[in-house]
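Asks: The lines below spell out each chain.
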Amino acid sequence: MKNSRRTFIKLAGIAAAGLALAPRKGLAAEGHEPVKVNATAIHAKHWAMVIDTTKLNTAEAINKLAAACHHDHNVPHIEGKQEVKWLWHDTYPHTFPEQENPHMAEEVHERVFPLLCNHCQNPPCVRVCPTKATFQRPDGIVAMDYHRCIGCRYCMAGCPYGSRSFNWGDPRLGLDLGNLNPEFPTRMRGVVEKCNFCVERLAVGKLPVCVEASEGAMHFGDLMDPDSEVRKVLREKFTIRRKPSAGTEPSVYYII
Amino acid sequence: MYNGFAIVAGLVIFFAMLTAPFALGTMTKQYKEPELKLPKNEKECIESTEYMRTNHMQLLNEWRDWALRDGKRTYINHKGKEFTISLQNTCLKCHTSKADFCDKCHNDAGVSPYCWDCHIQPEGLK
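Heads up: the sequence lines are chains A and B, in that order. In terms of the numbering used here, the first sequence is residues 38 to 293. In terms of the numbering used here, the second sequence is residues -2 to 123.
So that you can see chain B by itself, here it is in the shape it has in the complex (with noise of 0.2 Å):
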């Protein structure tokens, strides 16, 4: 082969690289979810874990709409229960620290919301 011992190595080089994720991921630890700082006071969410977990996110975008958009500030949860719809006076009520609720999971999964931008955190503004 003309050139072959670079062709070859290149090629070794080049698939090393490709597959080193894959090698690297092995070797690390596995991803466990954080382990949050639960509320004391409170047992159940306004929904469940699970739902909580997955739709949180656009829950609270549907409640901004409902609230600010509609005016419509009584959220009625899957079991009938009736909760005021608000970031700062309903949920950070019970979850009273951003830093071991809300960040944990937000660090980990790389995602910044700006909700902080204009809410205040439960810790207070510094």
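Next comes chain A alone, as it looks inside the complex (with noise of 0.2 Å):
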């Protein structure tokens, strides 16, 4: 073929429309998802936890149910002010240190509480969190990605139920290392930690395990399903809140 000037920009013409049809095939393989939610987990648009503490009130019975949460997320047990801790009680005037009055029911007044990561409507933690190590999922959930946490304990700061722990030291040597839960990790030192509302768990279709071990004391749901177990519960029973000044609009409820 003869180089022409014509011939050449004929080619030209050519080649440019081939230009243009070619990145939306690319951009059409780019936008492949390679990812997508377990087929088996279980979802809300907001999950929330009522406990029945007229069932569940005794330091015992508490115990036995934050044993197990240990167990399952590698929670290093540490003696002191140091201590790791997910699940946990406490007393009346310490869970609920507004709402006393000087003649309550004396039952209720010593009873023991449950006391947990509250996963807040409007947490603080988030908001203080620098990196964003701490952050709220769509379904209401306060995560902490340990991978991001920089240990500067704003969220522990940040936190009016003094949810979060922060390990000083390694917190394997709290650990029973013959006796871990090998399918969750451990944390390392100078991180933040706290209950996650098992979201391990709901990402395979199980529910919290305290919520499991509690034998119909704890109630989990969706709050904003009119229909749900937890709602049901709010309903019917009387519940209160922590710290209602706060302002943090807390997804754990107490049956009183």
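I should point out that these hints are in silico values taken from the structure, not numbers from a laboratory. Being a predicted model, the structure only gives us computed values, none of them experimental. Positions of the beta carbon are idealized from the N, C-alpha and C atoms, including for glycine. Be aware that a few hints might be false.
[Claimed, not checked] Coverage of chain B stretches by chain A, computed from C-beta distances (three or more under 8 Å per stretch; other residues unrestricted): (1) 66 to 78; (2) 107 to 119.
[Stated by the list, open to error] Some chain A residues close to chain B (C-beta under 10 Å, calculated; not the full set): (3) Lys47; (4) Asn75; (5) Arg209; (6) Phe221; (7) Met225; (8) Val228; (9) Leu271.
[Unchecked claim] With a straight-line cut-off of 30 Å between C-alpha atoms, the simulated DSBU-like cross-links for lysine-lysine are: (10) Lys269(A) <-> Lys29(B); (11) Lys29(B) <-> Lys40(B); (12) Lys73(A) <-> Lys29(B).
Grab the two chains, each in its own frame, and use the hints to assemble them into the complex.
Replies: Next up, the structure:
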């Protein structure tokens, strides 16, 4: 073929048309989403928990649940001020400091209350975290990304419920290494940890460990679904939440 | 040349030191990829060997964000096969030895990823 200006312009035109079409095909290949939600996962618009303190109010019973939770998540056992805890218990005045009255029923006042991260609708810990290591999932769970935690402990200062623990030392020193849960990681020194509402179990269709072990004293479900178990219980029973004046809107409710 | 001997001797020493790594490099053995202990029961990894060799770090990095932050815990590989996203429950179910698999290359390459500060190695903790 003779190399003329005319043939060159023709070929350039064809090449330009081809280039205009080619990127679309490339984009379609890039748009392939390689991940999806587990088929067995259970979903909610906003996960919430209701704790029936008429059934669950002794230190022994709560310690049993804490032991199950701590074993499942490899939470170290450390005595004293540096303790790490996901689920624990405390007295009425410590649990509901603003909701006391001087002539309260003695039976209620003497109860012991199970405590855990409240997974607030308006979580101050998330607001103050400078690295977004703690964040709120679309389903309301306040989660921790230990890969990103820099250990600044702003979240601990922000949490009005003391629900977070800091790993001052190597948390593995506080673990029974022969009796670990190999399905769940441990933590490293210098990160903040807390209850995660068992996101790893919800992802495979199981309820949280404490709810399963509580024998009906804890209810778990979708707060936004009027037919869910938690909404049914909330409709029937009088419940209170911790520190309402903090305005954090906890997702953990207590039947008194 | 003023101070000629000192200058020439200095230059010789300087060039000797400059070229020493190249000279030593040709004398020592060629780098050989370490022989890894591959899983007995599984023939194929979640992606091809070449892909895993070059991209496993990016893949693991993406996995942790997908699982933890996006809540998406099922991975669909390039062939369309599905896997649960989990270092401990998927990768380490086949690769049952950190020492025979991970450490061999990592030691040679002089990298020490901090995966094992939190994740439990398949041998268990000691």
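Asks: Sort out whether Lys29(B) lies within 30 Å of Lys269(A), counting only the CA atoms.
Replies: 66 Å, violated
Asks: Using the nearest Cβ pair, does Lys47(A) come within less than 10 Å of chain B?
Replies: Since chain B brings no Cβ nearer than about 39 Å to Lys47(A), farther than 10 Å, the hint is violated.
Asks: Take the C-alpha atoms of Lys73(A) and Lys29(B), compute the straight-line distance between them, and say whether it is at most 30 Å.
Replies: 39 Å, violated
Asks: Have a go at the Phe221(A) hint: is there a Cβ in chain B nearer than 10 Å to its own Cβ?
Replies: For Phe221(A), the interface hint holds, since the closest Cβ of chain B sits about 8 Å away, which is under 10 Å.
Asks: For the hint on Leu271(A), does the least C-beta distance to chain B fall short of 10 Å?
Replies: 25 Å, violated
Asks: Can you take a look at whether the region 66 to 78 of chain B is actually covered by chain A? Rule is 3+ residues, C-beta closer than 8 Å.
Replies: Check passed, 9 qualifying residues.
Asks: Per the CB criterion, is Val228(A) less than 10 Å away from chain B?
Replies: It holds, given that the least Cβ distance between Val228(A) and chain B is near 9 Å, below 10 Å.
Asks: Any CB of chain B closer than 10 Å to the CB of Met225(A)?
Replies: 4 Å, holds
Asks: Count the residues of the region 107 to 119 of chain B with a beta-carbon closer than 8 Å to any beta-carbon of chain A: does the count reach three?
Replies: Contact hint for the region 107 to 119 of chain B vs chain A: holds, 5 residues under 8 Å.
Asks: Are Arg209(A) and chain B close enough, Cβ to Cβ, to be under 10 Å, as the hint says?
Replies: Check passed: Cβ of Arg209(A) comes within 6 Å of chain B, closer than 10 Å.
Asks: Check whether the Cα positions of Lys29(B) and Lys40(B) lie no farther apart than 30 Å.
Replies: Satisfied, since the Cα-Cα distance of roughly 23 Å is no more than 30 Å.
Asks: Any CB of chain B closer than 10 Å to the CB of Asn75(A)?
Replies: 5 Å, holds
Hint check: violations occur at hints 3, 9, 10, 12; the rest are consistent with the structure.
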